[in-house]
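Number of protein chains: 2
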Amino acid sequence: MKFTYKLEKKEKHTEARLGSFIYNGVKYETPMFMPVGTQATVKTLSPEELKEVHAGIILANTYHLWLRPGEDVIAHAGGLHKFMNWDQPILTDSGGFQVFSLANPKDITEEGVHFKNQLNGDKLLLTPEKSIEIQNKLDSDIAMSFDECIGYPATYEYCEQSTKRTLRWAKRGKEAHNNPNQMLFGIVQGGNYEDLRRMCAEELSKMDFDGYSIGGTSVGEDKPTMYQMVGYATKYLPEDKIRYLMGVGDPIDLIENVIRGIDIFDCVAPTRLARHGHAYTKYGKINLKNAKYKEDFTPISDVCDCYACKHYTRSYIRHLIVAGETFGARLLSIHNIRYLTHLMEDIRESIRNDTLLEFRDEFIEYYYGEKHE
Amino acid sequence: MKFTYKLEKKEKHTEARLGSFIYNGVKYETPMFMPVGTQATVKTLSPEELKEVHAGIILANTYHLWLRPGEDVIAHAGGLHKFMNWDQPILTDSGGFQVFSLANPKDITEEGVHFKNQLNGDKLLLTPEKSIEIQNKLDSDIAMSFDECIGYPATYEYCEQSTKRTLRWAKRGKEAHNNPNQMLFGIVQGGNYEDLRRMCAEELSKMDFDGYSIGGTSVGEDKPTMYQMVGYATKYLPEDKIRYLMGVGDPIDLIENVIRGIDIFDCVAPTRLARHGHAYTKYGKINLKNAKYKEDFTPISDVCDCYACKHYTRSYIRHLIVAGETFGARLLSIHNIRYLTHLMEDIRESIRNDTLLEFRDEFIEYYYGEKHE
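Note that the protein sequences, when read in sequence, are chains A and B.
The first sequence begins at 2 in the working numbering and counts up one residue at a time.
The second sequence begins at 2 in the working numbering and counts up one residue at a time.
No lab work stands behind these hints: they were computed from the structure.
Don't take every hint at face value.
The list cannot tell twin chains apart, which means a pair is met if one copy fits it or any two copies do.
What the hints assert, rightly or not - Here are the simulated PhoX-like cross-link-like pairs (lysine-lysine), alpha carbons at most 25 Å apart as the crow flies:
(1) Lys224 x Lys311
(2) Lys295 x Lys117
(3) Lys3 x Lys117
(4) Lys124 x Lys283
(5) Lys52 x Lys311
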């Protein structure tokens, strides 16, 4: 393993945790938001731009890279870091979520998941061993166990049998794992049933993974239910290991789930919203395609230190988005990721000061409130 | 005017010229290739990236900016420089070429061109005065007279009446021009008829424009015909003014037309080719979508100093292009523009040494020859 998580401080009034790790001589702090580089690139951005917006770990998708360009191409390139020119940590998911959300039809068996390649129609089989083997070859720093991402809502019976299979898959993956430089995380499923989440968290803990992910909380449920599912899982996870909430990135969700003990998050939202012309601000999301920004010669946010806010106006970025120019999506991606990394910096500061609940209340007042720019 | 062209040296064996101008305290040299920023952005690139690949002047399109976001928005922003965050020179075209190539149907009258707005179907009229007025508002450093870009082939009769009208339009535009910071160029048309090109060049010269463009040479003719048309025009233009060949950017065409006395060029080719996965190399254009590059872990070119060649492999860029990731088009745009600015540096060096013809012959041997990487 190239790094180890260190728990530095627990917040007084919540389950929030401040942590850190050293990677290639550089210290990174958690809670942290991880931008998503689905196809070995964070859409529209260069590695240098990602560093400029304080990105730490980035995420790449096993499923996508397996299908294209293929894990062997990346292995022959010397691994994902070298392939994509990224020298900070990389986390790969297991492919489980993509099989769940993209592959149709699919057939889930004890062996793994049978489905069709979305690119060429070939029949494929993703198994726990195969997922680990691909991730080993990609040579990411953190790999995920293969799991079934359960949809919501789901019956207790389905959640129980699926979660037990996810546990058997986690065990098979751990046995297949064969990359000493790579951490391996187990994934807590269990739907919205506390006893199943608990069972899964405890069983995974016994297997002693390098960290723990929480899955199946961002697939259709409302926010209170999501927060509840997260609480059911973190409660039963060891304190000294990093906890990763998968696929969650709405600003309020970052705050609420840090409060429930989460350390790292990933989400495509900042880059996807950017491509549609949306920007995060202190006063909520704005849609730059709105005509009122046509002659707005102010920056997206006057409290943001990003490249887009330093050099460009809402009017110009609006023009780029409306005209379909990718430089617009790039400027908004820079801004949106910086917004989230900035939010995480504020969250960490609030944990340090034991004022996270006040921070949340003030955040809500501005982000959802009547106050205007 | 913010700068004046200075002719520094003529090559001994050809009509090639070395020139320079000072803009905002920085010296720029010609012959020069100008990247195209159609909609106030050079597709996929930031101003910083353009500077890194040694871009000098960039071009923006009057027609596109008139339709979207509208010249008034840009004027209210403080002009095109401020709007798009570009502090080097900007040249705007007249809109004539876009009306010629994009607007259908159109009706050309003495007053101007009537056509439909491609974005919303509105009826529009572009006149010499309107073109100049828009360019005045955009506040580019170099504006173009409104002209009719004659298709090829065209009858002598059509070319004659069209070219005479283009001259009348040039005069009307010059009278309407009202921006002391902006140079105004006349455009030499005349099809492939030496006497018409000559008449046009001489009449424009009498009107004493700040520089001269040559139009209608890149609309379907073969290379020898293009070179001939250019020679017909440069022969009759004053030596002390800059000459701009519009819309030409194929590497061999840059060399051949410098030989015929051209100083500046623009073309969408480097960025358009980039979006289709093509890259210039010393050994000709390569198409990275070709399967043979799948595991090619060398840079696009090992004699190129651009960001793409320093940090990325053909394999990775191929993956990005095939996967539809815009970072691939961005890397190839960086490389292709740098290839052309590098070529212009070599051309200028050859003019300095009076070895441009040898340079051309060697270029052809590698670019079109049997030699391989």
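A quick look at each hint next to the structure:
1. Lys224 x Lys311: Result: close neither inside a copy nor across copies, 34 Å intra and 45 Å inter.
2. Lys295 x Lys117: between (45 Å within a copy, 23 Å between copies)
3. Lys3 x Lys117: neither (35 Å within a copy, 62 Å between copies)
4. Lys124 x Lys283: neither (47 Å within a copy, 42 Å between copies)
5. Lys52 x Lys311: Both, since 16 Å and 18 Å are each at most 25 Å.
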